[in-house]
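Protein chains: 2
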Amino acid sequence: MIGRITSRLQDFFATKNDLLILTTSGSGGMEAAVVNTLSPGDKVLAVSIGSFGDRFAEIAKIYGADVQKLSFEWGTAADPDEIRKALSADSFKAVLVTHNETSTGITNDLAAIAKAVHEFDPSTRSGQGVLLIVDAVSSMGSMPVETDAWGLDVVVSGSQKGWMVPPGLAMVAMSQKAWEASAQATMPRFYFDLARAKDFLKRGQTPWTPAVSLFYGMDMALETLARDGKEAVFERHRQFGQQTRDGVKAMGLRLFADERYASNTVTAVRTPDGVEANQLRRLVQQDFNVVLAEGQGKLAGNVFRIGHLGYCSEKDIDDTLLALRETFAKLGHPVPIG
Amino acid sequence: MIGRITSRLQDFFATKNDLLILTTSGSGGMEAAVVNTLSPGDKVLAVSIGSFGDRFAEIAKIYGADVQKLSFEWGTAADPDEIRKALSADSFKAVLVTHNETSTGITNDLAAIAKAVHEFDPSTRSGQGVLLIVDAVSSMGSMPVETDAWGLDVVVSGSQKGWMVPPGLAMVAMSQKAWEASAQATMPRFYFDLARAKDFLKRGQTPWTPAVSLFYGMDMALETLARDGKEAVFERHRQFGQQTRDGVKAMGLRLFADERYASNTVTAVRTPDGVEANQLRRLVQQDFNVVLAEGQGKLAGNVFRIGHLGYCSEKDIDDTLLALRETFAKLGHPVPIG
Numbered sequence: 000m001i002g003r004i005t006s007r008l009q010d011f012f013a014t015k016n017d018l019l020i021l022t023t024s025g026s027g028g029m030e031a032a033v034v035n036t037l038s039p040g041d042k043v044l045a046v047s048i049g050s051f052g053d054r055f056a057e058i059a060k061i062y063g064a065d066v067q068k069l070s071f072e073w074g075t076a077a078d079p080d081e082i083r084k085a086l087s088a089d090s091f092k093a094v095l096v097t098h099n100e101t102s103t104g105i106t107n108d109l110a111a112i113a114k115a116v117h118e119f120d121p122s123t124r125s126g127q128g129v130l131l132i133v134d135a136v137s138s139m140g141s142m143p144v145e146t147d148a149w150g151l152d153v154v155v156s157g158s159q160k161g162w163m164v165p166p167g168l169a170m171v172a173m174s175q176k177a178w179e180a181s182a183q184a185t186m187p188r189f190y191f192d193l194a195r196a197k198d199f200l201k202r203g204q205t206p207w208t209p210a211v212s213l214f215y216g217m218d219m220a221l222e223t224l225a226r227d228g229k230e231a232v233f234e235r236h237r238q239f240g241q242q243t244r245d246g247v248k249a250m251g252l253r254l255f256a257d258e259r260y261a262s263n264t265v266t267a268v269r270t271p272d273g274v275e276a277n278q279l280r281r282l283v284q285q286d287f288n289v290v291l292a293e294g295q296g297k298l299a300g301n302v303f304r305i306g307h308l309g310y311c312s313e314k315d316i317d318d319t320l321l322a323l324r325e326t327f328a329k330l331g332h333p334v335p336i337g
Numbered sequence: 000m001i002g003r004i005t006s007r008l009q010d011f012f013a014t015k016n017d018l019l020i021l022t023t024s025g026s027g028g029m030e031a032a033v034v035n036t037l038s039p040g041d042k043v044l045a046v047s048i049g050s051f052g053d054r055f056a057e058i059a060k061i062y063g064a065d066v067q068k069l070s071f072e073w074g075t076a077a078d079p080d081e082i083r084k085a086l087s088a089d090s091f092k093a094v095l096v097t098h099n100e101t102s103t104g105i106t107n108d109l110a111a112i113a114k115a116v117h118e119f120d121p122s123t124r125s126g127q128g129v130l131l132i133v134d135a136v137s138s139m140g141s142m143p144v145e146t147d148a149w150g151l152d153v154v155v156s157g158s159q160k161g162w163m164v165p166p167g168l169a170m171v172a173m174s175q176k177a178w179e180a181s182a183q184a185t186m187p188r189f190y191f192d193l194a195r196a197k198d199f200l201k202r203g204q205t206p207w208t209p210a211v212s213l214f215y216g217m218d219m220a221l222e223t224l225a226r227d228g229k230e231a232v233f234e235r236h237r238q239f240g241q242q243t244r245d246g247v248k249a250m251g252l253r254l255f256a257d258e259r260y261a262s263n264t265v266t267a268v269r270t271p272d273g274v275e276a277n278q279l280r281r282l283v284q285q286d287f288n289v290v291l292a293e294g295q296g297k298l299a300g301n302v303f304r305i306g307h308l309g310y311c312s313e314k315d316i317d318d319t320l321l322a323l324r325e326t327f328a329k330l331g332h333p334v335p336i337g
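Protein sequences appear in the order of chains H and W.
Start counting the first sequence at 0; every next residue gets the next number (numbering that gives the first Met the number 0).
Start counting the second sequence at 0; every next residue gets the next number (numbering that gives the first Met the number 0).
FYI, nobody ran anything at the bench for these hints, they're computed from the structure.
Bear in mind that the values here come from a model prediction, so they are computed numbers and not experimental data.
Don't take every hint at face value.
Because identical chains share one entry, a pair is satisfied inside a single copy or across any pair of copies.
As the list claims (entries may be wrong) - The calculated lysine to aspartate or glutamate pairs, modelled on EDC-like cross-linking and capped at a C-alpha distance of 20 Å, are: (1) 297 <-> 198; (2) 15 <-> 147; (3) 60 <-> 192; (4) 197 <-> 57; (5) 248 <-> 118; (6) 201 <-> 293.
Using the sequences plus the hints, can you model the full thing?
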């Protein structure tokens, strides 16, 4: 079963690289990506456009990397030219980047970022280039990520996003360059040791007891996704994203994200003056059994988020928009039909 | 729900200490116990009676502890006097010990070991004593562990053992002394940071996305266990252990474990000359749908193991013994009725 799951995941990751499945949540997968490829003191450029970008930087820092943060205003995407500039100013071992930033509802242009990073990849001279380490927790399986074609060295996802499975599994794809880095990397690792996971996978096993029930879930979900075909799955998410944004704007609400980079898996919406986002969320859940996510970090109270990935339908989104409209009216802020 | 689960777990752990639930398997819980309380260079006495004791030592070593191993022959229990001797010969920051060693089917006399450790506890003088860090992954919830009364500083368990829930959650109890050590401990930690978990628990949350489906399972299982009462649960496991050992011996088979310390959750059995343990296991599974565990490490091929914990009944054990008898006959090694 683990072989079948792995191979179907590799299809969605668009990779021939090794892919390991860990019993942990997405943040544990991010930690695995860092500690398996880096050593204390390594210079790391951490690109951040929100709280998950901050988290990636924090992990690298805690394990002793020399982290330079390149932060962009929340609600905007990372600018590949700024990444180019930072990379030319210093010599970095790795770049950490979030593909889809759940906290703000932005999808970075990962292909363009990868292109910028690889311009500075000295691998053509020395055989050991800048590692591109990607948090694709909330994008993989819902939108195209071309691991091999874009040259992504480490790519992380998590079971509870597009895969439609409860939380508890993280997947990490490792390129040949990542394995070479791993052989030199001295950050300590035991539970998250990917070389050990690779060794056990040869026998269809995991080094530690796996979350068996979630593997069964992944097997079933991937069968469904494979039947639909990945292009159909990606198209479905494009439609979910568009439908949500169109509905929200028709209600006269403002998107938090720069719409050119708006995510197709999550939409962050600003609440109008006089409406407290968490009160709105409570009422929507109480009256309609629809759970909206809260604004993270500095956005708490001013933003709510609509998830539209995985096991989701056009009707789910319609129902959510209707629930919002009714609740705005109840709060004394009537809005047009979304 | 997390509050209710935590409080029912504290009852089984017999502790008023903080208890944190992590999305990881038992080995991740063991790593959390080490990295939250120790610093590189700390002298650690790692008591090992099998492969899980070896694993605990390995974790501490990988994270830079100065590990002295005190190993006992597989199939025997740790001798508290030997621990006393080792502790008097040097100054240790912590002792790592396995309560129930799954690989050999031995339960250490943890009360006696704790007594030996605390004789060398300088806390009565300096306020900071030897930390006693316990792997109770496969005992907690099935046999008595008196966390507070025995003075256990860090105690780890895992959802898939006596708790009857699929794998994927580890629980870690931390004493006040363990928290004080934690404040000084410099081993790096992010995903397994227990102080962060404690902070989020105050709000009924976890720092990272939890394995939600397994939390629902724990909630249901603990309701059942609380209804039975922990004394009844422990007595049931005493009977399972006795029934299994009596049956195995009546078939003329030899227990691997020193019977004075034989575990009530798992029984390791030596195969007689001429019977390959893994062939036996395959046939038992194929013909009777009964899964026996393989011998771990150096025991592979000569030992099989019967698990009898959690969701288990007298009839399950009878059926297993019958399946074994039929399979021994099929292999040309008839044995008496067990």
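So, going through the hints one by one against the coordinates:
| no. | hint | result |
| --- | --- | --- |
| 1 | 297 <-> 198 | between (42 Å within a copy, 19 Å between copies) |
| 2 | 15 <-> 147 | within (7 Å within a copy, 51 Å between copies) |
| 3 | 60 <-> 192 | both (19 Å within a copy, 14 Å between copies) |
| 4 | 197 <-> 57 | between (26 Å within a copy, 19 Å between copies) |
| 5 | 248 <-> 118 | neither (39 Å within a copy, 70 Å between copies) |
| 6 | 201 <-> 293 | between (42 Å within a copy, 18 Å between copies) |
The earlier numbered hint that this structure contradicts is number 5, and it is the only one.
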